[in-house]
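Chemist: Take a look at the letters that make up each chain.
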Amino acid sequence: MDPGQFFASSRILIVAGKGGVGKTAASACLALAAARTGRTVMVVEVAGRLDSAPMFGVDPQGYDEQTVYDDPGRGQVRCRSITPDAALVDWLSNHGFARIVRRMSKSGLLEIVATATPGIKELLVLGQIKHLEQSRAADLIVVDAPAAGHALNFLRAPLAVRNTARTGVLRRQAIEVLEMLRDSERCRALLVTIAEETPIKELVETVFAVEDEVGVALGPVVVNGLLPSIEGLDASSELDVSGIGASESALSVDEISDLLTAAGFRRDRLSLQHEQLASLAQQLPLAQIRLPHLFTTSIGLAELKALATAASASIEATERWAGS
Amino acid sequence: MTGTPPLSAVTSSAGSSRYGDLVAQKRVIVACGTGGVGKTTMAAATAVAAAHGGRRAVVVTIDPAKRLADALRIAELDNTPTVIDGAWPGTLGAMMLDSKATFDDVVSRHATSKDQVERIFGNRFYVNVSTELPGTQDYMAAEKLNELHFSGEWDLVVVDTPPTRDALAFFEAPKLLGRLLDNTVYKLLISPRPGVLRTVNRAAGSVVRRLSRVVGAEVVDDAIEFFQTFQGMEEGFKSRADETLALLSSADTAFVLVASPRSDTIAEALYFLNKLADADLSVHAVVVNRMLAALSISADEAAELQSKLSASPLAGAAQALVDHVLASAGDEDRVSQIMAHVPDAALMRVPLLSSDVHDISTLSGIAELLVRDSL
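So the protein sequences, as listed, match chains A and B. With the first letter of the first sequence counted as 1, position 139 gets the number 139 in our numbering; the numbers rise by one all the way through. Whatever position you read off the second sequence (first residue = 1), add 1000 for our numbering.
Careful: at least some of the hints might be erroneous.
Lysine-lysine pairs mimicking BS3-like chemistry, simulated, CA-CA at most 27 Å apart [to be verified]:
| no. | chain 1 | residue 1 | chain 2 | residue 2 |
| --- | --- | --- | --- | --- |
| 1 | B | K1175 | B | K1114 |
| 2 | B | K1066 | A | K201 |
| 3 | B | K1114 | B | K1238 |
| 4 | B | K1238 | B | K1275 |
| 5 | B | K1175 | B | K1066 |
| 6 | B | K1100 | A | K201 |
Just so you know, these hints were derived from the structure itself, not from any lab. Keep in mind it's a predicted model, so treat the numbers as computed, not measured.
Work the whole structure out from these sequences, hints included.
Modeler: Rendered as structure tokens:
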């Protein structure tokens, strides 16, 4: 599939997954890949952390909107942060509580409202995202969803609120957000995982919950941190220490031992990874966007560009949204 | 609170790591850290280590991966520890926390009448508090810890904590309900007394009416009913919370940060430690899970070797070596970043295993690594 076509198919991509799978990097590299197709892209962070900007090589300026990548006339990425707490305060301020909202937070009323209506904060974050989408704030909005079990809670929030609040303005908000989530031209969820047993198992469970309960259309699964295979790696498995000693006499015993350890370790990891990818494909008929493991200590613009290139290549190799 | 002496005397011996000392001496170990780093596995291995050391140890897990749960035989959700037989002189117990059931137990314990219990259980605001309120899982984990510790049946209680980005959630959790119950708006809302409060009540009534329009009347009604029903139980809840907090801050308790050396999880771990430091809390040990095996060769030597072997059958192995050395140096670099924040904490490295832990013998292997003197 052409990346331009891919990034045009929904106006919001919600990038979700459990903690430690590299969701923020996945969001940032998809945003960059989309910008390279000539779009303005907005990355929305909702965890109260400002991790995206540094990946574009830019110092984070705070929660307000900030341009982090600009290729004039070709594409642009902007970042902004919407925190659940701020979303609740904003919303109450806009609904007749402007004057007392400050006192409310002191008195604990905000906490009671949040407790009485589970999911209200997450719903209101989604409500602000809906507002961004409807005001056409960008061609594409990429949402870096909260981590851990929260990924599902985030998407389930409008359902939870709709079930709790049977009347009132909030219920209408929940219904409108659900409409947005359920319209694949407006919104899709991309789930991120790494090629390991437990994350994949949890991903598979999440996918069915997201699709069946919430009704969000799913995009491809993003598989992060894949170790690249190495040509000729298998050759070393057939050599034993004595054989190497004869042909590569310049090598010390330690060097040989390290070579064999590293090669053996890599082979094991690759074969495990292969197994897990196959298991994922078998359990989920979704296309996969595969991102390579980077051997660098942190992700800056150079690394992000490499990831974006890999993402685009992966999308090009994909024939359709869902596999057979 | 002063610590009661360990019930079965276990002395740390030469050859034991500093982590081994914690396992042998502490009464409570709290494993904290962000999700996806193997926190539950490390908590379980810690309890296994204590059982190997002759102690009666129990691990309270939160949402363990299925294979680990199977290994620990905690598939059943009865909210009490199951004793696991194994080749250790001590006793190993394991359980999975049922947050809602624990909350129900606490309510039943503090309630003044059966009728009060039933009204609370039937209230939707209570159902939200006991299942959905952020921090409830932490609160109930702390509550369970308290219960098991004071039961006298265990020398060591190891608690896994819910995956959270908020390092302080576990410490603040016991205060959670107290905070809800303490707030002034609610006191006004439930106050039936006329007189001085009437004007204030009228103002509160206007807030309630407006809130009802916005979030829905039944939501507000449920909340008010909950607080009214809860009256009379506040003191019981508060003194229990104080007891738990005292236990957490006593010398009997150790906090262990579990981390992995991946760059994204390290950022989370550092954020976590900063939060703890801001609150003057310290971790006793750091367990870095999923470390790559360190090799003797340096990055420069590996690169040199690679160019030497570019045309040999070992070219692929040389590439693997270069990658490995680079990645392993990155791991060490990130471990140093963590330890710079907590220089006094014990550091334990656990290697990346080729598959997820799903049997007791693997757990025992990790347990041995944790307590063995690595120096």
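Chemist: Look at each hint and say if it fits the structure.
Modeler: Verification of the hints:
Straight-line distance between C-alpha atoms of B:K1175 and B:K1114 comes to about 25 Å, which keeps the hinted pair within the 27 Å bound. Simply put, B:K1066 and A:K201 have alpha-carbon atoms about 9 Å apart, close enough for the 27 Å limit, and the pair holds. For the given pair, B:K1114 sits about 21 Å from B:K1238 by alpha-carbon distance, which is consistent with the 27 Å threshold. Note on B:K1238 and B:K1275: the hinted pairing holds, with a Cα-Cα distance of about 25 Å set against a maximum of 27 Å.
For the suggested pair B:K1175 and B:K1066, the alpha carbons sit about 31 Å apart, so the restraint of at most 27 Å is broken. As the CA atoms of B:K1100 and A:K201 are separated by approximately 25 Å, the hinted pair is consistent with the 27 Å bound.
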